[in-house]
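Protein sequences appear in the order of chains Y and P. This note's numbering numbers the first residue of the first sequence as 1 and each following residue consecutively. This note's numbering numbers the first residue of the second sequence as 1 and each following residue consecutively.
Honestly, I wouldn't trust all of these hints.
Below 20 Å or equal to it, Euclidean Cα-Cα: the simulated EDC-like pairs (lysine to aspartate or glutamate) are [claimed, not checked]:
1. K105/P <-> E59/Y
2. K41/Y <-> D88/Y
3. K55/Y <-> E87/Y
4. K58/P <-> E106/Y
5. K41/Y <-> E87/Y
6. K57/P <-> E106/Y
7. K42/P <-> D88/Y
8. K41/Y <-> E52/Y
9. K41/Y <-> D84/P
10. K14/Y <-> E106/Y
11. K105/P <-> D79/P
12. K42/P <-> E22/Y
13. K42/P <-> D84/P
14. K64/Y <-> E22/Y
15. K15/P <-> D79/P
16. K68/P <-> D31/P
17. K42/P <-> D65/Y
18. K105/P <-> E26/P
19. K20/Y <-> E87/Y
20. K66/Y <-> E87/Y
21. K14/Y <-> E59/Y
Quick caveat, the hints were computed from the structure, so don't treat them as lab data.
Next come the chains, spelled out residue by residue.
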Amino acid sequence: GAVVSQHPSWVICKSGTSVKIECRSLDFQATTMFWYRQFPKQSLMLMATSNEGSKATYEQGVEKDKFLINHASLTLSTLTVTSAHPEDSSFYICSARLRRTGKRYEQYFGPGTRLTVT
Amino acid sequence: QQQVKQSPQSLIVQKGGISIINCAYENTAFDYFPWYQQFPGKGPALLIAIRPDVSEKKEGRFTISFNKSAKQFSLHIMDSQPGDSATYFCAASISPGNTPLVFGKGTRLSVIA
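Whenever a hint applies, use it, and build me the whole structure from the sequences.
Okay, here's the thing in structure tokens:
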């Protein structure tokens, strides 16, 4: 199967500091990576779509200057939460899209990163 | 038109029973319909997926039924086990390209012994 890793799995930081979360596709090259945010007992909220070598596309309402996304290679994307505040505390999950034959593709998720801002 | 409506919000099933979760969509351009299983504190795991050219797909105890004319698809979990207790999300997207998955709101399944 396709494996997506995230690091760190959890992080606690102080208000005003920045936190970087890494997302890697371990055994495949991802055509596209996605970043989601999930609040307790809720569905996944798409934050941005990221393609290697190009700027991320952010969803409406997501501050691009606060949530910096860098897609350095076909296997690595990073999300940096800048000047984090308690309201940024959440579960952040990345996802990588694997292209199968023809138009077929599948999307795999990382294990998530629990961010707590104090 | 981009919504995927999922029901029920929560479901309690006896061990050995059949769990059924339903989803409906509006956008007829959707052509990929995956189901994800998520345990607390973990990322969603791809369970099974279907495309509109088939009406049913089965993998082990998990079956997707797809009704193109009704724009509905459902997940059936046969012989439900306590280990199946999780949140299940249906999703839909358009291929190919970079269009993101549209997720349902999720169904919390509890399988009781």
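Now the hints, each set against the structure:
{"no.": "1", "hint": "K105/P <-> E59/Y", "in the structure": "18 Å, holds"}
{"no.": "2", "hint": "K41/Y <-> D88/Y", "in the structure": "17 Å, holds"}
{"no.": "3", "hint": "K55/Y <-> E87/Y", "in the structure": "25 Å, violated"}
{"no.": "4", "hint": "K58/P <-> E106/Y", "in the structure": "17 Å, holds"}
{"no.": "5", "hint": "K41/Y <-> E87/Y", "in the structure": "17 Å, holds"}
{"no.": "6", "hint": "K57/P <-> E106/Y", "in the structure": "16 Å, holds"}
{"no.": "7", "hint": "K42/P <-> D88/Y", "in the structure": "19 Å, holds"}
{"no.": "8", "hint": "K41/Y <-> E52/Y", "in the structure": "31 Å, violated"}
{"no.": "9", "hint": "K41/Y <-> D84/P", "in the structure": "17 Å, holds"}
{"no.": "10", "hint": "K14/Y <-> E106/Y", "in the structure": "37 Å, violated"}
{"no.": "11", "hint": "K105/P <-> D79/P", "in the structure": "24 Å, violated"}
{"no.": "12", "hint": "K42/P <-> E22/Y", "in the structure": "16 Å, holds"}
{"no.": "13", "hint": "K42/P <-> D84/P", "in the structure": "14 Å, holds"}
{"no.": "14", "hint": "K64/Y <-> E22/Y", "in the structure": "17 Å, holds"}
{"no.": "15", "hint": "K15/P <-> D79/P", "in the structure": "7 Å, holds"}
{"no.": "16", "hint": "K68/P <-> D31/P", "in the structure": "10 Å, holds"}
{"no.": "17", "hint": "K42/P <-> D65/Y", "in the structure": "27 Å, violated"}
{"no.": "18", "hint": "K105/P <-> E26/P", "in the structure": "15 Å, holds"}
{"no.": "19", "hint": "K20/Y <-> E87/Y", "in the structure": "17 Å, holds"}
{"no.": "20", "hint": "K66/Y <-> E87/Y", "in the structure": "12 Å, holds"}
{"no.": "21", "hint": "K14/Y <-> E59/Y", "in the structure": "26 Å, violated"}
Checked against the numbered hints listed earlier, the structure breaks hints 3, 8, 10, 11, 17 and 21; every other hint is satisfied.
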